[in-house]
Structure formats: C-alpha cells, structure tokens
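S.K.: Line by line, the protein sequences are chains G and S.
So for the first sequence, the numbering used here puts the first residue at 342; every next one is plus one.
So for the second sequence, the numbering used here puts the first residue at 547; every next one is plus one.
I should point out that these hints are in silico values taken from the structure, not numbers from a laboratory.
Check before you lean on any hint, since a few could be wrong.
Unchecked claim - Okay, derived cross-link-like pairs now, DSS-like style, lysine-lysine, Cα gap no bigger than 25 Å in a straight line:
id	chain 1	residue 1	chain 2	residue 2
1	S	Lys608	G	Lys398
2	S	Lys570	G	Lys398
3	S	Lys570	S	Lys608
4	S	Lys737	G	Lys398
5	G	Lys343	S	Lys608
6	G	Lys398	S	Lys739
7	S	Lys739	G	Lys343
8	S	Lys608	S	Lys635
9	S	Lys737	G	Lys343
10	G	Lys398	G	Lys343
The lines below spell out each chain.
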Amino acid sequence: MKEQLSALIDCELEANDRDRLLGQLGVDGDLRQDWHDWHLVGDVMQEHPLLSPDFMKRFSERLAAEPIVMVPVKRRSLLRRALVPLSAAASVAFVSVVGWQAYYGASRGNAVPAVALAQQTQGLDDEGARIQGYLAAHRHDSGNPFAGREFMQASFDPSQAK
Amino acid sequence: MLLEKRTEREIDQELVSRAQAGDKRAFELLVAKYQRRIARLLSRLIRDPGEIEDVTQEAFIKAYRALPSFRGESAFYTWLYRIAINTAKNYLASLGRRPQLSADYEDEDGETLDAAAQIPDYHTPESELANREIVRTVNEVVETLPDELRTAITLREMEGLSYEDIASVMNCPIGTVRSRIFRAREAISAKLKPLLETVGKDRRW
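Whenever a hint applies, use it, and build me the whole structure from the sequences.
M.R.: Here it is in structure tokens:
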C-alpha cells in the first residue's frame, strides 16, 4: 500500500489502483502522514521554502471551523439526455435522405437533358453564375452528394400561393 | 511528461471532487501538497516570512470557500495560484502597500538574486531551528543512501524524470525504479519522523 502511495505521489499509479488508494487516504491516518512527509521531503530536495512545522495543524483548525462545502453533483437533465439520441437520429435521417437523393439522381443517369440544362444555365443571373462556379470548384470533392449534378433555381411568389 | 501532467491534474481533480462532496481531509491533502509551492509564489509579492505564512493560510481558506465555483476548466493548481495572488494583492492593498512584483533583484555586487532564495524558511527562532534541522536531516540521509536509491530519488525529485526515463537511465525495470524510490522515501522519513515528532506540533492533523 505504501509503495503504491509513493507511486501515486509521482503520478505513476494505474487508474484503478489510484482511485482505490485515494479512497484509502480518506480513512488511513498513517497514509495521510506519509503523504505529508513525502511531499515535504520532495520540497526540501527541490529547495522550496519551508513553513512553520505546525502550519498544517493550524490550517486544519481553521478548516474545521469552516462550513462543510457540499457541491451538488452535476447530472445531465432528462430532457438533455433524451435530446441527444433524437439529434443523432435526425442526423442519420438527414444523411439518409441526402444519400438517397444522390443515388436516385445518379441512377436516373443524369436524366436531365443536357440541352435543357444549357438553357437553364443560360438564364442565370450573376448570382447564379457565382453559385455555379462554386459548385464546379467543389464538384470533385470526395463524398459530395451533389457532385455531377446541376442545381435548380427556385422562387416563391406568396401572391400565387393564396 | 505531458501524460504525467495530465495524470497529476486528474489526481488533483479527484481530491477536489471529494472535497466538493464534503470531505475536508481530501482538501487537506491538497494543502499538504501545495503549501510550500504557494508560499514560494507569495514570496515574490511579500517579503516578510510571517506574512507569507499568514497569507498562504488565508489563500487556502479562500480556495476552500470557493470550491463550489471550481469546475475543472483549469488545473487545480492554476486556479489555486490565481486565488493566492489575489489574496496577496488584497492583503497588501489593505495595508496600503503595493505588491513587490519583481522576482529578482540585485545584491550589493550587482549579482541578480532570486527573491525567493532570500526568504528565510521560518519566522520564529523555533521554526528556524526546526526547518534547518529538517533540511540537514534530509540532505544527510540522501547522501548516505545506497547508490541505486540515491540516484533514483534524485532523478525523480530533483530532475523530475518519469519512472520510464529513470528506468532507462539506470538500465533497470520500471518496477525496480518504483521500489527504489519508495525505499528511499521510507529511509528518509524514518530519520525524519523523530524530528518531526519533536518539533512538530504538525503531527496527526
């Protein structure tokens, strides 16, 4: 046990032993005294300034007079825990839809006639040309579901929707 | 080294968590570990050894009271150092004094000296005697240790090497390094304990 404490002080103890030993320190006065003495030895060797020999005793007396600190353990709320799998499911669903659209478009062999595409693109304004350039630049990115596909401009007229 | 630091942070965090759950002894372990490092830090701001000790005590009490605000976003000692510095500045401000921020100053011959090295390790004649005796005992015992124990504890405590690095230097298994360092500590503290019992009002806190 003491050799493990020595290794703990040097941060060389495995995690399982570490947690067990930290628990043991809470109930074993001899171990705590070794913890204190071995840190003192290390600090003397590193030439840290020493404090009064009764520093810890005086501090403990002050600490004993302090109200006990009790910090509530933070637990993730039920709502938050429920939302995580939902958001993951939403992500999967989105990727599935995009993938399906890409596959569906590809399986139709780029069915949009080249002539029609040309006609569409001829009508693009400057903004459309900019988007077209952007898509062209990224067309060959691996994993891009829109690679090889043209985009379509859409507009919405509220007056016609009524 | 990076792994080691992370582990030290984890150990401190575990002690903090226990203290935050109401375990005052866990906090005392942190005080036992960091008291001299905090005192060294404060010696950059405050010259009087008695005041350094008082402000060190106060800084740890303030840290204990502030434990609910510690969320582990930084290492415990980084957080503690900030509290110690603020405690020292507030203490000096309450006296109408300014912090003496310079870490080094020159002696009569123009030599640059480390301010911390100028601070005596005591503030009463009894403390002075006791601490001198502690330092002398530790150094003497280290000198009389068998070579392999002395080398192992020196590489660890003074050079800060990991067990793996010490094993490489000493050409032995890591388990042997661990055992040698432990035996060295046992040998030193065996000589130190009677002294600490005599001077020490600091036993069995």
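S.K.: Are the hints correct? Go through all of them and say.
M.R.: Comparing the hints with the structure gives:
no. : hint                   : result
1   : S/Lys608 with G/Lys398 : 17 Å, holds
2   : S/Lys570 with G/Lys398 : 13 Å, holds
3   : S/Lys570 with S/Lys608 : 14 Å, holds
4   : S/Lys737 with G/Lys398 : 21 Å, holds
5   : G/Lys343 with S/Lys608 : 32 Å, violated
6   : G/Lys398 with S/Lys739 : 16 Å, holds
7   : S/Lys739 with G/Lys343 : 16 Å, holds
8   : S/Lys608 with S/Lys635 : 14 Å, holds
9   : S/Lys737 with G/Lys343 : 17 Å, holds
10  : G/Lys398 with G/Lys343 : 23 Å, holds
Hint violations for this structure: number 5 only, all remaining hints satisfied.
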